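With chain A held as given, fit chain B onto it using these hints.
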Amino acid sequence: MKFSLSWLKDHLETEATVAEIAAKLNAIGLEVEGIENPAEALAGFRVAKVLTAEKHPDADKLQVLSVDLGDGQPLQVVCGAPNARAGMVGVLGTPGAVVPSNGMEMRKAAIRGVESNGMMCSSRELDLGDDHDGIIELPEGAPIGAEFATFADLDDPVFDLSITPNRPDCMGVYGIARDLAAAGLGTLKPVADTVHAGSYPCPVEIRSDDRDGCPAFFGRTIKGVTNGQSPAWMQARLKSAGQRPISALVDITNFVMLTYGRPSHAYDIAKLSGPVVARRAKAGEGVTALNEKHYLLDDSMTVIADDNGVHDIAGIMGGEHSGCGDDTSDVLLEVAYFDPERIAHTGRTLNLTSDARSRFERGVDTDFLGTGLEILTGLILDICGGEASEAVHVGAAPAGGKVVRYELGLAESLGGVAVREDEQRRILTALGFEIAEIENHWAVTVPSWRPDVDGAPDIVEEVIRIHGLDDVPSVALPRGEGVAKPTATPMQSRERRARRAAAARGLHEAITWSFLPMAEAEAFADEPLWILANPISEDMKAMRPSLIPGLLMAAQRNMARGAASVRLFEVGRRYLRGKGGASDERLTLGVVLAGERTGRSWQSGKAQGFDAFDAKAEALALLEAAGAPVGNLMVMGEAGSQYHPGQSATLRLGPKNVLARFGTLHPSVAKQFDLEGAVVAVEIDLEAIPAKKGAATFTRASYTPPSLQPVSRDFAFLVPADLPAGDLVRVVKAADKKRIVDARLFDVFTGQGVPEGQKSLAIEVTMQPVEATFTDADLKSVSDAVTAAAAKQGATLRG
Amino acid sequence: MADTDSLLAEALAKIAEADTLDLLEQHRVAFLGKKGSISALMKTLGGMSPEERSEAGARFNVLRTEVADALAARKVALESAALEAKLASETLDLSLPAPEASTGSVHPVSQVMDELAEIFADMGFAVATGPEIEDDWHNFTALNMPESHPARAMHDTFYFPDSDEQGRSMLLRTHTSPVQIRSMLKEGAPLRIIAPGRVYRSDSDATHTPMFHQIEGLVIDKGIHLGHLKWTLETFLKAFFERDDIVLRLRPSYFPFTEPSVEVDVGYSMEKGRRVVGGSGDDEGHAWMEVLGSGMVNRKVIEFGGLDPDEWQGFAFGTGVDRLAMLKYGMDDLRAFFDGDLRWMKHYGFAALDVPTLSGGVGVSA
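Chains A and B supply the protein sequences, listed in that same order.
The first sequence begins at 1 in the numbering used here and counts up by one.
The second sequence begins at 800 in the numbering used here and counts up by one.
Just chain A, same shape as in the assembly:
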């Protein structure tokens, strides 16, 4: 909402400075986004008279002017405008002035060898219009030498406010003046209450056939108007609001809207036929609106129509065909009340915004239709002439007079600040509320222009915002006894530990978009994706079913920037389908390793890439940090089609609970993401890790380190080549649970001495004696158990 200081002063009697007004506006919740004085941009541009105009000696299209600034010392100015001539009065930019349209600073200069002390300016150069055919011509009597901005009434600061959607009353200058007056910044001037009786009955029938959408339709005709330009004072005000003056009738309706927050419409009667009716649109009906776009309507939308069809998308935008033009002589005025919800719905459906819509959907003053019509009528009669008909009031806007029960103590118990009773009364009264005292509380009648106020807390807000929030004292929240208690949930602790463990392992935490391009998302999807209906771009369309694609894209960007080694992780959600149409958002840790694991070095020689075991190492370490029982995990297949089928696996707790997938990325997927070389990835489902069983306790299971030395023995087995080594290690370790504490595979061998189709696996078995050292019989017993268990996997002890 933009308006000039003089416009505000039309309604507010005040001596306050611009800074004081701005500070008060901010303090009462009308946020000032900017203050601009157009005159500041025009400093150094002065009214000047051309005394003589001679041809430039060296240029056909230039003239050399002698220009008077009223100080008796004419300046020489070179000018290329065709309309520059002796005797005319124009605007001279003097050295030091900055041309608003291009930011150039004026300097004394020689133009084709002739000294020039400034520039005679066009409207366009001063950002005052589009005219660039010649320099500005001012009337004869303009004060020579005066600052042009002052002469042109441009020395008028413009406020730009951000009006919150609850305050339709402040979408007009008058409402802002009312708030400022209540806040003690001046006196509100009353609204003119002239009533125009009208000299003839309204010749056009108006009515509402849609009392839900349009409960009130006030109007009248004015015949014999002249629709020229609106007066300069009105144009200046509209321009300060950022509106382009169009014609007197259009400007007047805009001016009333911007002054009182009251939209209206003027129809050219010559373009109407029959009664003018508010009704629902018929399916398939359309209208070309004033923005020259055609809108297809449906029967949920209220329109204003006549016998020929729709002329107005009610409360949103008028139609192109029935609007007022230069030749309009008879007008029908429409001042109506439209249901806010319907306006919002229609506007949303048509994707059409307008100044009228934003006011109607927030709720206009329900008690201002008649007054608005009279103000509109008065301005038209004053500016355009003509003869008004009697006013017609069809229906009525919803009754105002909402009454709120308010206890005075609420200002303190909710608003945190004690405000004296007389001050509360003064504030509410100044804002238009009416107070009736009833025993221990007030019955507060809400003014018709405040649809936002409907409860006691709203009244508190009115009182304390005008009283001043600076006066609210800080009061400490009651604090629990003792040291603050831990608040993190087990899941939150798990997330934090996993994140810090990943960083400690040399991985960098990225945060990537939750949305992905379709193809990249589909490559990692096992079920229907969540796809946005209105994505901001095709690259941000599907919610990620995996953290890996986003990390791969980030890895690719890093490689493209020349990174030799990329180690990224992210802790975030995957978006899957849940129960009842809701989402299943699973907290997940993703890791992508690409490029060099170790760079070339004087110690290790050539650079080495990552392999699936790097992924496995990260998976196990991070699972352990996240609290998973890694000793019980099984390495199984089916990591998914995104991975290399022979170099990927899942880590499961039982056959169905997949905690992690890891491995080398499938080369075709790497290619899809434009990544070269081996790329490995890990994805851990942090929510699949089972919670610790039993009640939390700090006490650990008791433990005494054994006093006897452990004993180790090596076993080498021949096994079928396709036997997973992990299976053999597991059974070996389990062969004698009492004595064997560890089994570690340290060699895998194929080749000489190992039959075709087999491999040799060497395992170091560690045994821990507890009460007495092992006897030969004990060791033999363990050895036999190990051999027997291995044999069940098809393993034979290597001779």
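Incorrect hints may have been included.
Examples of chain A residues toward chain B, derived with CB under 7 Å [stated by the list, open to error]:
no.	residue
1	V32
2	Q229
3	P490
4	N534
5	A554
6	R577
7	G581
Rather than coming from a laboratory, the hints here were simulated on the basis of the structure.
Keep in mind it's a predicted model, so treat the numbers as computed, not measured.
Where is the CB? At the ideal position from N, CA and C, for every residue including glycine.
Structure of chain B alone, referenced to chain A:
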């Protein structure tokens, strides 16, 4: 007598001259070995009379001990010299680089979220979460934004074509505020929570990204008023920026889910082209910057949360986590937060061990 003396002299001379361990061993064998000269001397004791044996035995033992000691001493000296020589040949150029290990990092947003959790835990706030794919009832309706509410249109919402079983439209939450409703419905009152997380608006320019992070705060209790809100925000910002000169300015505003609503500005000054929080915005060289939206929870919202607004009241606030991180740690481009640029992460990221604690400080100095 003479034979032992000369033998001792000969042995000591030879031992002293021996310059290798091999030679020394040969001498040992020659003197003390089974067939060595001293051993042979010892064997002569058997043929002596008791008197002679007593005298000669003592002498021979001294001889043997002295030779043995000399051998041992010489051996230590030779070994030591050999070790010195070996070590001299093993010199390494320790100016060569050691094996490199990658140093990882924690993203500033995660770090700041941990900081916020730590600060608010001290004030008794737990961390709550909710879904990012929300339904329009939790995201709007229950927050007092019915379908026609103009504020809905201002939220630049991302929608899905899907509805849930109750026919509610699914969307990406536009703020963390739906967690207020979910927490009230689940936990009841009294309640103190913060809810950090991702939120989404279909908005993208130099200072807006379609995804960003917010943190929501909610207190529901008896007798909570705007003064408590002011104190909480002041206390939080003082702890977060570790400055005592934080000055807040409350401005009346409008949010459908709070009444009264206030926007909160914080005073700052410019230092080396960057905003530094502290001081009053009205002071010389200072200005105000909006940092938080807040207010007393609207009665309707408390009702939607399943609580009695005549019994319970409270406040809520929300702010941008990314922005807090930028203000505290000096990043100036929001878009870089979501790019995964290793160079940026190495510069702005945090070490794994930078765990915020109240005793160690919740901030990490540059």
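Results for each hint:
The restraint placing V32(A) at the interface with chain B is violated, with a minimum CB-CB distance near 10 Å, outside the 7 Å limit. This hint is violated: Q229(A) has a C-beta 34 Å from the nearest C-beta of chain B, more than the 7 Å allowed. A cut of 7 Å between beta carbons decides the hint on P490(A): the least distance to chain B is about 12 Å, and the hint is violated. For N534(A), the suggested interface contact is upheld, since its CB lies about 6 Å from the closest CB of chain B, less than 7 Å.
Because the closest C-beta pair between A554(A) and chain B is about 3 Å apart, less than 7 Å, the hint holds. A cut of 7 Å between beta carbons decides the hint on R577(A): the least distance to chain B is about 9 Å, and the hint is violated. With a least beta-carbon distance of about 3 Å to chain B, the hint placing G581(A) at the interface is held under the 7 Å criterion.
The structure fails to meet hints 1, 2, 3, 6 from the earlier list, while all remaining hints are met.
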